[in-house]
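**Student:** These are the residues of each chain, in order.
Protein chains: 2
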Amino acid sequence: MDENPTLTIIGRVESRLTEPGLAPKQGSEGAPDAWLVLRDDVRDGLANLAPGDEIIVLTWLHRADRAVLHVHPRDDPSRPLTGVFSTRSADRPNPIGLHRVRVLAVDGVRVHVDGLEAVHGTPILDLKPTLSATER
Amino acid sequence: MDENPTLTIIGRVESRLTEPGLAPKQGSEGAPDAWLVLRDDVRDGLANLAPGDEIIVLTWLHRADRAVLHVHPRDDPSRPLTGVFSTRSADRPNPIGLHRVRVLAVDGVRVHVDGLEAVHGTPILDLKPTLSATER
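Top line first, the protein sequences correspond to chains A and B. Numbering of the first sequence is given in our numbering, commencing with residue 1 and proceeding in unit increments. Numbering of the second sequence is given in our numbering, commencing with residue 1 and proceeding in unit increments.
These are computed hints drawn from the structure, not numbers from a lab. One should not assume that every hint holds.
As the list claims (entries may be wrong) - Which residues of chain A face chain B? A partial, calculated answer using Cβ under 8 Å:
hint	residue
1	L7
2	D44
3	W60
4	T82
5	V84
6	F85
7	R88
8	R92
9	I96
10	D126
11	P129
12	L131
Claimed, not checked - Now the in silico label distances, taken between C-beta atoms and shown as ranges:
hint	chain 1	residue 1	chain 2	residue 2	range
13	B	R79	A	R66	34 to 40 Å
14	B	G108	A	R66	18 to 24 Å
15	A	D107	B	R39	42 to 48 Å
Predicted model, so just to flag it, every value in this text is computed and none were measured. Note that beta-carbon positions come from the ideal geometry of N, C-alpha and C, so glycine has one too.
Looking at chain A on its own, in the form it has when it is part of the complex:
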């Protein structure tokens, strides 16, 4: 069994969010719409994606500190240090972001989505349909 799987970056986020410190913590907190620009070699995987679909975008939070196991939630020093597995901090051993968004448009390998808190250039790993109307 592969002990250290290697991810394939299937695309990048195009967003006007460029400064991580200014990005909302969650898409529900005022994040802008953005484009998911996928690689041409995964185009077939998009065959059935349509405007209105609710999807979970998986990203690789490439600026994260993978050695961190305790954080102050939401970067608030007044909050006690908390084990990362009880937080949504980007800093964790495998910094995979989960972002629930709605598809606004699909143009070839470019997918326009609403409320995405990931910054410009964030690597994209996967898109999955949601299993419930309210999951994130």
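Put chain B on the given structure of chain A with help from the hints.
**Tutor:** What follows is chain B alone, placed relative to chain A:
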């Protein structure tokens, strides 16, 4: 920027599910309880995890076919081939499983959870708290 990030396996699933073909497609479909057995070097990340917590377990679906971009949903040949990004198929470029479960008990680095459809030995990548009571 890292073009091909490498994942760190932080633990393994201990489950009586051993045959992928017999595993439910989703945890809500009669999956058994299971143990998440984490590595001792990530123990600090579990500091605040408690029974009753609703979490999302991220796994690496190591038996998946990463070259697949179209599947018959739920392995049902009567369903038309569908782009993988509109399905929850394990076969996709980055076979990361998302499993919403409830923590039943925490014993050191062993976390007992309900309804987990992952088979015995599945690598664990991350645990995150849910952001809504019904997400998966």
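**Student:** Compare the structure with each hint and give your call.
**Tutor:** Hints, verified against the model:
Restraint check, L7 (chain A) versus chain B: the minimum CB separation of about 5 Å is within 8 Å; hint holds. With a cut of 8 Å, the hint placing D44 (chain A) at the interface with chain B holds, because the nearest CB-to-CB distance is about 4 Å. Contact between W60 (chain A) and chain B, as hinted, is supported at the beta carbon level, the nearest pair being about 5 Å apart and thus within 8 Å. At a threshold of 8 Å, the smallest CB-CB gap from T82 (chain A) to chain B is about 5 Å, leaving the interface hint in force.
Among the interface hints, the one on V84 (chain A) holds; its C-beta lies about 5 Å from the nearest C-beta in chain B, closer than the 8 Å criterion. At a threshold of 8 Å, the smallest CB-CB gap from F85 (chain A) to chain B is about 4 Å, leaving the interface hint in force. With 8 Å as the threshold, the beta carbon of R88 (chain A) comes within range of chain B, its nearest partner Cβ sitting at about 6 Å, so the hint holds. Below 8 Å, beta-carbon pairs count as interface contacts, and R92 (chain A) has one with chain B at about 6 Å; its hint therefore holds.
Annotation: interface hint on I96 (chain A) holds; nearest CB of chain B at approximately 6 Å, less than 8 Å. The criterion of a C-beta within 8 Å of any C-beta in chain B is met by D126 (chain A), whose closest approach is roughly 5 Å, and the hint holds. Given hint, P129 (chain A) at the interface with chain B, holds; its Cβ is 6 Å from that chain's nearest Cβ, closer than 8 Å. Checking L131 (chain A) against chain B: minimum C-beta separation of about 5 Å stays under 8 Å; hint holds.
Checked against the hint of 34 to 40 Å, the pair R79 (chain B) and R66 (chain A) passes, with Cβ atoms roughly 39 Å apart. Between G108 (chain B) and R66 (chain A) the beta carbon distance is about 22 Å. The supplied range of 18 to 24 Å therefore holds. One distance hint, 42 to 48 Å for the beta-carbon pair D107 (chain A) and R39 (chain B), holds here, with the actual separation near 43 Å.
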